[in-house]
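Engineer: Following the hints, complete the assembly by docking chain B onto the known chain A.
Number of protein chains: 2
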Amino acid sequence: MNDRRRRLAHALQELGYDAFLLTQRPNQLYFTPVEEFSSLPPVPFVLIHGDETLVVPGAWFYHMVKEWLSGCTIAETPVRGDNPETALITEIRRRGLKRVAVDYQTQPLHTALARELPAVSVVEDTHLGPELRRIKEPGEIERMRRAAAVSDLGIEAAFRAAAVGVSNRDIAAEASYAMLKAGAEIVSLQVCSGPGTYSVASETWQYQPQRVLQENDMLLVDMGIYVNGYLGDQTRTAIIGEGTLQQKAIVETVQRAYRATRDAMRPGANAQELYAITVEILRERGWEQYFPHHISHGLGLGGDLPRVAADSNDVLQAGDTLSCEPGVYIPGVGGARFENMIHITPDGAEELTRSPLSPVVGS
Amino acid sequence: MNDRRRRLAHALQELGYDAFLLTQRPNQLYFTPVEEFSSLPPVPFVLIHGDETLVVPGAWFYHMVKEWLSGCTIAETPVRGDNPETALITEIRRRGLKRVAVDYQTQPLHTALARELPAVSVVEDTHLGPELRRIKEPGEIERMRRAAAVSDLGIEAAFRAAAVGVSNRDIAAEASYAMLKAGAEIVSLQVCSGPGTYSVASETWQYQPQRVLQENDMLLVDMGIYVNGYLGDQTRTAIIGEGTLQQKAIVETVQRAYRATRDAMRPGANAQELYAITVEILRERGWEQYFPHHISHGLGLGGDLPRVAADSNDVLQAGDTLSCEPGVYIPGVGGARFENMIHITPDGAEELTRSPLSPVVGS
Numbered sequence: 001m002n003d004r005r006r007r008l009a010h011a012l013q014e015l016g017y018d019a020f021l022l023t024q025r026p027n028q029l030y031f032t033p034v035e036e037f038s039s040l041p042p043v044p045f046v047l048i049h050g051d052e053t054l055v056v057p058g059a060w061f062y063h064m065v066k067e068w069l070s071g072c073t074i075a076e077t078p079v080r081g082d083n084p085e086t087a088l089i090t091e092i093r094r095r096g097l098k099r100v101a102v103d104y105q106t107q108p109l110h111t112a113l114a115r116e117l118p119a120v121s122v123v124e125d126t127h128l129g130p131e132l133r134r135i136k137e138p139g140e141i142e143r144m145r146r147a148a149a150v151s152d153l154g155i156e157a158a159f160r161a162a163a164v165g166v167s168n169r170d171i172a173a174e175a176s177y178a179m180l181k182a183g184a185e186i187v188s189l190q191v192c193s194g195p196g197t198y199s200v201a202s203e204t205w206q207y208q209p210q211r212v213l214q215e216n217d218m219l220l221v222d223m224g225i226y227v228n229g230y231l232g233d234q235t236r237t238a239i240i241g242e243g244t245l246q247q248k249a250i251v252e253t254v255q256r257a258y259r260a261t262r263d264a265m266r267p268g269a270n271a272q273e274l275y276a277i278t279v280e281i282l283r284e285r286g287w288e289q290y291f292p293h294h295i296s297h298g299l300g301l302g303g304d305l306p307r308v309a310a311d312s313n314d315v316l317q318a319g320d321t322l323s324c325e326p327g328v329y330i331p332g333v334g335g336a337r338f339e340n341m342i343h344i345t346p347d348g349a350e351e352l353t354r355s356p357l358s359p360v361v362g363s
Numbered sequence: 001m002n003d004r005r006r007r008l009a010h011a012l013q014e015l016g017y018d019a020f021l022l023t024q025r026p027n028q029l030y031f032t033p034v035e036e037f038s039s040l041p042p043v044p045f046v047l048i049h050g051d052e053t054l055v056v057p058g059a060w061f062y063h064m065v066k067e068w069l070s071g072c073t074i075a076e077t078p079v080r081g082d083n084p085e086t087a088l089i090t091e092i093r094r095r096g097l098k099r100v101a102v103d104y105q106t107q108p109l110h111t112a113l114a115r116e117l118p119a120v121s122v123v124e125d126t127h128l129g130p131e132l133r134r135i136k137e138p139g140e141i142e143r144m145r146r147a148a149a150v151s152d153l154g155i156e157a158a159f160r161a162a163a164v165g166v167s168n169r170d171i172a173a174e175a176s177y178a179m180l181k182a183g184a185e186i187v188s189l190q191v192c193s194g195p196g197t198y199s200v201a202s203e204t205w206q207y208q209p210q211r212v213l214q215e216n217d218m219l220l221v222d223m224g225i226y227v228n229g230y231l232g233d234q235t236r237t238a239i240i241g242e243g244t245l246q247q248k249a250i251v252e253t254v255q256r257a258y259r260a261t262r263d264a265m266r267p268g269a270n271a272q273e274l275y276a277i278t279v280e281i282l283r284e285r286g287w288e289q290y291f292p293h294h295i296s297h298g299l300g301l302g303g304d305l306p307r308v309a310a311d312s313n314d315v316l317q318a319g320d321t322l323s324c325e326p327g328v329y330i331p332g333v334g335g336a337r338f339e340n341m342i343h344i345t346p347d348g349a350e351e352l353t354r355s356p357l358s359p360v361v362g363s
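Chains A and B supply the protein sequences, listed in that same order.
Using this note's numbering, you'd call the opening residue of the first sequence number 1 and step up by one each time.
Using this note's numbering, you'd call the opening residue of the second sequence number 1 and step up by one each time.
Chain A extracted, bound-state conformation (with noise of 0.2 Å):
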């Protein structure tokens, strides 16, 4: 038994758990013993319980399961067999399992699990997988540096192509052309320009593609790609052209926000006051209401703790890997943020990115 899995066993007795079903990518990926990641298709139910591994892999993933996992029990699901949640049900029961937690639940799932298991007692629990993969180990490190690594190449790909005249769908093409070249196995980027910088906050949607770059724009590049598994992330921004003295101080005060609450950033340092210096600095300019998103998502396979945020009471821990991404977006002017993935150390914050704050525009 591994030392996660020690520390998962730990836990469940500790919570009063027979076993713990993982439906989430993240969870699958940390506790399953598999060689990379890309050796795990995307299965919809892992059961772990004691030495166990159980792989519910369904009809389409169940030969490569069957062929690449070793060290696991697999449900056979193969093309007309069970689906995956009979098979699920029918291994629960054979173990005679009484209370499961599981990391996140479907309404379907939660209804089949009810009425055909109603002696089990399933309990969702959200936080345990996030918890118990919060604090990194050195290999996974290095695996963060690779995809931080990556993350520089696009972002220095996207500045390098910005110029008056330029579309921001021609800027995501150049960065995500570099990205995908260089390792990333999933990129998703948000290229804002001009107005549209104000509505970042909208993680979703890489607003007005077909917009051109204009002289004196702001341009500000988000990013979320995958790398071996690992979550890369990074924001610039710059202005096109020499830019009003407002849009210099938007970018000023942004940087400088960053920079003090990365400084803060120590084993330690708690949400509330990392929260407060971002917060002090853009209230000096009267800023503070364009501010309204975390400091801090944690870093990792995904759905990774701690939070920094005005609702959070996160402690910071040696071995966290957190971003640091102040932002200030003014409606009718543009917005900024700068963005990079944060290391814990004993000694304070390493950053993974090494980008320069201020990109380089043009080639």
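Hints were generated in silico from the structure; no laboratory data involved.
Please note that the accuracy of each hint is not assured.
All copies of an identical chain are treated as equivalent in the list; a pair is satisfied when it fits inside any one copy or across any two copies.
[Unchecked claim] Derived DMTMM-like pairs: lysine to aspartate or glutamate, alpha-carbon spacing no greater than 20 Å straight-line: (1) K181 to D170; (2) K66 to E124; (3) K66 to E85; (4) K66 to D82; (5) K181 to E116; (6) K98 to E85; (7) K248 to D18; (8) K248 to E273; (9) K248 to E137; (10) K181 to E156; (11) K98 to E36; (12) K248 to E215; (13) K98 to E116; (14) K66 to E140; (15) K66 to E36; (16) K66 to E131; (17) K181 to D82.
Model, not experiment: these values are computed from the prediction.
Structural biologist: Only chain B this time, still in chain A's reference frame:
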């Protein structure tokens, strides 16, 4: 009132609704009077009530929506103003609505509406939007031709890059770049090779991005792109090198199923008869069990009708646009899918995508 809104008003009257609450972007885009798709940011709510279009933007798009959207009422939701849900409830109350259709509601929205507006009957109707958007206008067909042409460029770029030693990720880089440069605003690609091609039924996972092409691999490239808001969708499969007799038979059989099914697509054809054409051709080989999915989904702004599948009774109409995408995926061997975008004219199926069914491999 334009034709779309006239048809909607008629439907609402027939079904006894006072208003239609839109949370889904395809419906918002279709029924909100906008110049082009990018002038409507992703807003939480649009409420259509007679001639009026009420947009509830929320803080992050409030100023943009105020500036750009004409002919709409804009709910006051600036930074530090009401949140969108509260504003929506106020506006429904103010208009004295009694029976409101909603295209989709999350559990929190459902709970809030039931609590704050107990006298208002809110009915989820997921079908109304897709039904009214189903028959495409000539202007929409032109947009879809453009999306199809961009997808042709992506397929060409993908297979031109294919060679022994090239990774799935490299192929994705070339295809993404070609399509983003040609006008795609969003690109989602699935590049599978070797044994992975039998796992394409999982639509959200670009399997094994780091895998490198080997002699006698099957290579499958599928995509979902958006061009000016409209979906482009195409799949091709090719054998790298000579291939085995069985691989060649898979490709030939799926292409034959594609052609036969496409040729039967005309106004009045029903889903069961079309589905049976593909299944019958696969059954001759004993492969019907390896075809697990639909033949067709509708095309357009997203979530469109009609559907051709084992469980569908849709009947094709002139003006429909839909995919035609039979596939066979044999565990341990590989899989193939061929997919084109089809426009149903009074005379039959017109292919909007124009790439050759057997793509040119290598440069």
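Engineer: A separate judgement is required for each hint: does it hold in the structure or not?
Structural biologist: Do the hints match the structure? See the list:
When the C-alpha separation of K181 and D170 is checked against a cutoff of 20 Å, the pair qualifies both within a copy, at 17 Å, and between copies, at 6 Å. For the identical chains of this complex, K66 and E124 are neighbours neither inside a copy (28 Å) nor across copies (42 Å), given an alpha-carbon limit of 20 Å. In the homo-oligomer, the alpha carbons of K66 and E85 lie at most 20 Å apart inside one protomer (18 Å), although the nearest pairing across protomers, at 48 Å, exceeds that limit. Taking CA atoms no more than 20 Å apart as the test, K66 paired with D82 passes inside one copy only; the shortest distance there is 16 Å, against 53 Å between copies.
Taking the closest pair of Cα atoms, K181 and E116 never come within 20 Å of each other, the shortest separation being 48 Å inside a single copy and 52 Å across copies. When the C-alpha separation of K98 and E85 is checked against a cutoff of 20 Å, the pair qualifies only within one copy, where the shortest distance is 18 Å, while the shortest distance between copies is 40 Å. Neither within a single protomer nor between protomers do K248 and D18 lie at most 20 Å apart by alpha-carbon distance, with minima of 57 Å and 50 Å respectively. When the C-alpha separation of K248 and E273 is checked against a cutoff of 20 Å, the pair qualifies neither within a copy, at 27 Å, nor between copies, at 65 Å.
Taking the shortest alpha-carbon separations for K248 and E137, neither the intra-copy value of 40 Å nor the inter-copy value of 47 Å comes in at or below 20 Å. Taking identical chains as interchangeable, the C-alpha atoms of K181 and E156 lie at most 20 Å apart whether they share a chain (14 Å) or sit on different chains (18 Å). Proximity of K98 to E36 under the C-alpha cut-off of 20 Å is found in neither arrangement, the shortest distances being 32 Å within a copy and 56 Å between copies. For a Cα distance limit of 20 Å, the shortest separation of K248 from E215 inside one copy, 14 Å, qualifies, whereas the shortest one across copies, 55 Å, does not.
Taking the shortest Cα distances, K98 and E116 sit within 20 Å of each other inside one copy (13 Å), while across copies they are farther apart (40 Å). When the C-alpha separation of K66 and E140 is checked against a cutoff of 20 Å, the pair qualifies neither within a copy, at 27 Å, nor between copies, at 46 Å. Only within a single protomer do K66 and E36 lie at most 20 Å apart by alpha-carbon distance; the minimum there is 16 Å, versus 49 Å between protomers. Taking the shortest alpha-carbon separations for K66 and E131, neither the intra-copy value of 30 Å nor the inter-copy value of 43 Å comes in at or below 20 Å.
Proximity of K181 to D82 under the C-alpha cut-off of 20 Å is found in neither arrangement, the shortest distances being 40 Å within a copy and 45 Å between copies.
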